[in-house]
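A.B. asks: Protein chains in written order, with my numbering: chain A, 1277 to 1393; chain B, 94 to 205.
Everything labelled a hint here was simulated from the structure, so no lab data went into it. All values derive from a computational prediction rather than experimental measurement. Where is the CB? At the ideal position from N, CA and C, for every residue including glycine. Among the clues, some could well be false.
The calculated EDC-like cross-link candidates involving lysine to aspartate or glutamate, where the alpha carbons are at most 20 Å apart (straight line), are [said to hold, decoys possible]: (1) Lys1317(A) / Glu1339(A); (2) Lys142(B) / Glu108(B); (3) Lys1317(A) / Asp178(B); (4) Lys142(B) / Asp178(B); (5) Lys1290(A) / Glu1335(A); (6) Lys142(B) / Glu157(B); (7) Lys142(B) / Asp1374(A); (8) Lys192(B) / Glu1339(A); (9) Lys1317(A) / Glu181(B); (10) Lys192(B) / Glu1363(A); (11) Lys1340(A) / Asp1364(A); (12) Lys154(B) / Glu108(B); (13) Lys154(B) / Asp178(B); (14) Lys1331(A) / Asp1341(A); (15) Lys192(B) / Asp1374(A); (16) Lys142(B) / Glu1381(A); (17) Lys151(B) / Asp1341(A); (18) Lys1317(A) / Asp1364(A); (19) Lys1331(A) / Glu191(B); (20) Lys1317(A) / Glu1363(A); (21) Lys142(B) / Glu113(B); (22) Lys1342(A) / Glu1298(A); (23) Lys1296(A) / Asp1374(A); (24) Lys154(B) / Glu1381(A); (25) Lys1290(A) / Glu1381(A); (26) Lys151(B) / Glu113(B); (27) Lys1296(A) / Glu1339(A); (28) Lys1290(A) / Asp1374(A); (29) Lys151(B) / Glu1381(A); (30) Lys192(B) / Glu1381(A); (31) Lys154(B) / Glu191(B); (32) Lys1296(A) / Asp1341(A); (33) Lys1342(A) / Asp1374(A).
Output of the computed footprint for chain B on chain A, the stretches with three or more beta carbons under 8 Å from beta carbons of chain B [what the hints assert, rightly or not]: (34) 1287-1293; (35) 1339-1353.
Only part of the chain A face toward chain B is listed, based on derived beta-carbon distances under 8 Å [as the list claims (entries may be wrong)]: (36) Gln1318; (37) Asn1380; (38) Glu1381.
Take a look at the letters that make up each chain.
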Amino acid sequence: GAVVSQHPSRVICKSGTSVKIECRSLDFQATTMFWYRQFPKQSLMLMATSNEGSKATYEQGVEKDKFLINHASLTLSTLTVTSAHPEDSSFYICSARDYLAGGNEQFFGPGTRLTVL
Amino acid sequence: AQSVSQHNHHVILSEAASLELGCNYSYGGTVNLFWYVQYPGQHLQLLLKYFSGDPLVKGIKGFEAEFIKSKFSFNLRKPSVQWSDTAEYFCAALSGNEKLTFGTGTRLTIIP
Chain A
1277 GAVVSQHPSR
1287 VICKSGTSVK
1297 IECRSLDFQA
1307 TTMFWYRQFP
1317 KQSLMLMATS
1327 NEGSKATYEQ
1337 GVEKDKFLIN
1347 HASLTLSTLT
1357 VTSAHPEDSS
1367 FYICSARDYL
1377 AGGNEQFFGP
1387 GTRLTVL
Chain B
94 AQSVSQHNHH
104 VILSEAASLE
114 LGCNYSYGGT
124 VNLFWYVQYP
134 GQHLQLLLKY
144 FSGDPLVKGI
154 KGFEAEFIKS
164 KFSFNLRKPS
174 VQWSDTAEYF
184 CAALSGNEKL
194 TFGTGTRLTI
204 IP
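Let the hints inform the model, and build the full structure from the sequences given.
C.D. replies: The structure is reproduced here in structure tokens:
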């Protein structure tokens, strides 16, 4: 099946620094990738939809200047948390859809746990 | 706006018991429905999905779900659970705008 990877799996940073998270589709091309945030014991909340070669579409309440998304190729999307603060600590998960294979199934990455001190 | 609700937050069962996890969605149009499982420390995996056709959908690991349009429900079932089924289960709906909306999840604990 389709595989999606994320790097890093875990990151700890100081408040005020920026952190970049990578999401890669390993064996398929993904014109669209999605970024979710999951708080402890809560569900996944869609943050933004990342489209290859164009600007990301952000959900209501998500600051686009704080969560920078770049989808420069068909296999890579990045999420940069700028000037991170402790309240940004969370589990960030990406997913990708294989349009060539058809269907609406999203394949999820393993997630990145961000801890901001 | 589309929403998905899972009323069972934490379910505890003994091995071999039967399982049913509730999922209700609110969306009037065509909707695709999914059940995902997240084992401890692992990423989300698809258990099963419903797009159209037979409302009784069979998935992996002996799970099945039934789409009941009149009740806006897509409950997950398994006749006999195992200890290895301990995990978090998420129901999700995909609507016409292609955004996946997740329920709050149900934590399932199986006691050996």
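A.B. asks: Each hint needs a verdict: does it hold in this structure or not?
C.D. replies: Cross-check of the supplied hints:
no., hint, result
1, Lys1317(A) / Glu1339(A), "23 Å, violated"
2, Lys142(B) / Glu108(B), "25 Å, violated"
3, Lys1317(A) / Asp178(B), "18 Å, holds"
4, Lys142(B) / Asp178(B), "18 Å, holds"
5, Lys1290(A) / Glu1335(A), "26 Å, violated"
6, Lys142(B) / Glu157(B), "9 Å, holds"
7, Lys142(B) / Asp1374(A), "16 Å, holds"
8, Lys192(B) / Glu1339(A), "18 Å, holds"
9, Lys1317(A) / Glu181(B), "9 Å, holds"
10, Lys192(B) / Glu1363(A), "25 Å, violated"
11, Lys1340(A) / Asp1364(A), "14 Å, holds"
12, Lys154(B) / Glu108(B), "15 Å, holds"
13, Lys154(B) / Asp178(B), "9 Å, holds"
14, Lys1331(A) / Asp1341(A), "12 Å, holds"
15, Lys192(B) / Asp1374(A), "15 Å, holds"
16, Lys142(B) / Glu1381(A), "8 Å, holds"
17, Lys151(B) / Asp1341(A), "43 Å, violated"
18, Lys1317(A) / Asp1364(A), "16 Å, holds"
19, Lys1331(A) / Glu191(B), "17 Å, holds"
20, Lys1317(A) / Glu1363(A), "16 Å, holds"
21, Lys142(B) / Glu113(B), "16 Å, holds"
22, Lys1342(A) / Glu1298(A), "16 Å, holds"
23, Lys1296(A) / Asp1374(A), "24 Å, violated"
24, Lys154(B) / Glu1381(A), "18 Å, holds"
25, Lys1290(A) / Glu1381(A), "36 Å, violated"
26, Lys151(B) / Glu113(B), "14 Å, holds"
27, Lys1296(A) / Glu1339(A), "16 Å, holds"
28, Lys1290(A) / Asp1374(A), "36 Å, violated"
29, Lys151(B) / Glu1381(A), "16 Å, holds"
30, Lys192(B) / Glu1381(A), "11 Å, holds"
31, Lys154(B) / Glu191(B), "27 Å, violated"
32, Lys1296(A) / Asp1341(A), "14 Å, holds"
33, Lys1342(A) / Asp1374(A), "28 Å, violated"
34, 1287-1293, "violated (count 0)"
35, 1339-1353, "violated (count 0)"
36, Gln1318, "7 Å, holds"
37, Asn1380, "5 Å, holds"
38, Glu1381, "6 Å, holds"
Violated hints, listed in ascending order, are 1, 2, 5, 10, 17, 23, 25, 28, 31, 33, 34 and 35; each of the other numbered hints is respected by the structure.
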